[in-house]
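Dock chain B against the given chain A, drawing on the hints supplied.
If you're matching them up, the sequences are chains A and B in order.
Going by my numbering, the first sequence opens with residue 1, and the numbers climb by one from there.
Going by my numbering, the second sequence opens with residue 1, and the numbers climb by one from there.
Each hint can be trusted.
The list treats identical chains as one, so a pair stands whether inside a single copy or across any two.
In silico SDA-like links for lysine to any residue, alpha-carbon gap of 25 Å or less: (1) 85 <-> 98; (2) 141 <-> 65; (3) 182 <-> 92; (4) 85 <-> 178; (5) 182 <-> 88; (6) 156 <-> 88.
Hint data in this document are derived by calculation from the structure and do not stem from the laboratory.
Number of protein chains: 2
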Amino acid sequence: MPLLVTGTIGMDDVVTPTGHAQQVLGGSCMYFSAAASFFGPVRLVAAVGEDFPPAFRDSFKQFPNVDLAGLETRKGSKTFRWGAKYHANMNSRDTLFTELGVVGEAPPKVPAAYADSKFLFLANSPPAVQAQFLEQVPARKLTVVDTMDIWIDTAKADLLALLKRVDGLVLNYDEAELLTKKLNSVSAGRHILDLGPRFVIVKKGEHGCLLIHRDGICSLPAYPTERVVDPTGCGDTFAGGMMGSIAADPSAQKDPGSFASIRRALVHGTIVASYTIEAFSLDRLKQITLGDLTNRFDEYAGMVRI
Amino acid sequence: MPLLVTGTIGMDDVVTPTGHAQQVLGGSCMYFSAAASFFGPVRLVAAVGEDFPPAFRDSFKQFPNVDLAGLETRKGSKTFRWGAKYHANMNSRDTLFTELGVVGEAPPKVPAAYADSKFLFLANSPPAVQAQFLEQVPARKLTVVDTMDIWIDTAKADLLALLKRVDGLVLNYDEAELLTKKLNSVSAGRHILDLGPRFVIVKKGEHGCLLIHRDGICSLPAYPTERVVDPTGCGDTFAGGMMGSIAADPSAQKDPGSFASIRRALVHGTIVASYTIEAFSLDRLKQITLGDLTNRFDEYAGMVRI
Chain A
1 MPLLVTGTIG MDDVVTPTGH AQQVLGGSCM YFSAAASFFG PVRLVAAVGE
51 DFPPAFRDSF KQFPNVDLAG LETRKGSKTF RWGAKYHANM NSRDTLFTEL
101 GVVGEAPPKV PAAYADSKFL FLANSPPAVQ AQFLEQVPAR KLTVVDTMDI
151 WIDTAKADLL ALLKRVDGLV LNYDEAELLT KKLNSVSAGR HILDLGPRFV
201 IVKKGEHGCL LIHRDGICSL PAYPTERVVD PTGCGDTFAG GMMGSIAADP
251 SAQKDPGSFA SIRRALVHGT IVASYTIEAF SLDRLKQITL GDLTNRFDEY
301 AGMVRI
Chain B
1 MPLLVTGTIG MDDVVTPTGH AQQVLGGSCM YFSAAASFFG PVRLVAAVGE
51 DFPPAFRDSF KQFPNVDLAG LETRKGSKTF RWGAKYHANM NSRDTLFTEL
101 GVVGEAPPKV PAAYADSKFL FLANSPPAVQ AQFLEQVPAR KLTVVDTMDI
151 WIDTAKADLL ALLKRVDGLV LNYDEAELLT KKLNSVSAGR HILDLGPRFV
201 IVKKGEHGCL LIHRDGICSL PAYPTERVVD PTGCGDTFAG GMMGSIAADP
251 SAQKDPGSFA SIRRALVHGT IVASYTIEAF SLDRLKQITL GDLTNRFDEY
301 AGMVRI
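Isolated chain A (complex conformation) (with noise of 0.2 Å):
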């Protein structure tokens, strides 16, 4: 069933306690789509600049799951741009620059061609922005955001407003904190089910993450590693992997936003995103089959298994 993501395309910069990478490629519909793309075809909404380098658009190539009818290269625009350095236990980071480019501009359109899209994605935007996007995906049946900081501090009606027409909401730890005012994420949670969504997934980096859905509660940690290179673009793979597995698993098609479709989803996120941090931009990814997925998966179970 057709996935939809619409997020950001960028070149980030980023530094870490064991190395450093500048100018790759980066944001969040990136990582995202590619995470996505081992389990099914994903349409890919995003916009980038006259300056996006040709190498970067052939790193598609090795994602050929991924749709790029949605693509935009806007003339006369620069391509969003970001950088970061890690703190020494990789669990925070600071913001080195920011460069909006295109991003600050009209988000790029759906296509015509994508509005039966079935699953839908907003990656952090804007929350009005991720609003405009639903209208032109009439088709949902099963939409899910991320968000951040900025957005509770600077657009909180606005957020408010969207997270009563989508079915999840993923965010991070402290987000779900300064969103709900609760210190405990179990009640962090259950507040944000009362503002609208059916599920709630709060990220914990390396300690795995929480879902709180109507119909239950699940928690599951993080794959431990030791091969920690680079955290960028775990959280956006983990959604991938969530989002992409439920749209390419034939038994979720009936209620793809049960409990027992979510949890599951949330282990092939889970599963994506441990390698994704093994190295920096897609480097990893691009390594690696849906029977290395597979294989990490069952290694997965049997460490978490009871």
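Chain B alone, transformed into the frame defined by chain A:
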């Protein structure tokens, strides 16, 4: 099979964001033995002062599986006292005062009748003191020790000598980092295995625990709960549930330190600790039964099932 624990019994003053408790029963040995006693008999070796309140002694009646033959009441000495204030998110705390009393004197002796104990847990103490206990329990088959930052900082040589003689180490996430200088918990755990133990359990509070064993890795989330009243004693009851369940499990007797044995036991520890946090002191543990633990075990298993 007989289980023995050494550690402190004391009087605690605890302030949390939601309440406070003054002069309540506490101490590692108290928490551990109460938790372990749900599963079977547990022998306690600890000392209290002449001032130990009769009402506290009566508290043991609610945990009839705790054998008090090793509880020494030392004339002229004072009971250990400790006070702490938790921060807003309950993940960290400031120690307000520590009055060592009898804990600063000669350690209690293991009664001769306890020398046949097969399972030994050495709660946090100076590592040299922990080593003396080892010698008094020559029949031990599985020995697990706890430690903390102060001994890593001030008695590291003693701690390293101790680690060569024990099967398992339990410690907090930041203590594992401090001991190994590794900022990744898997790397820290593997490093600790090189120091001697067959397994190490890294406690992460609300984020669960990580078992690094020579034969595998297991990661478990904490039981997701909104009822967070007082985290004091969670680590000790976690260890108590773990050791108590191993000592009582017929299938674990052949190789109680095996990966399968420790992994299963960690779930029991997780469940007992999830009750401890729901009230001050041992108040919640006094209210529950083994049936409650079993029910929550099943609920938790459902939450983390893949």
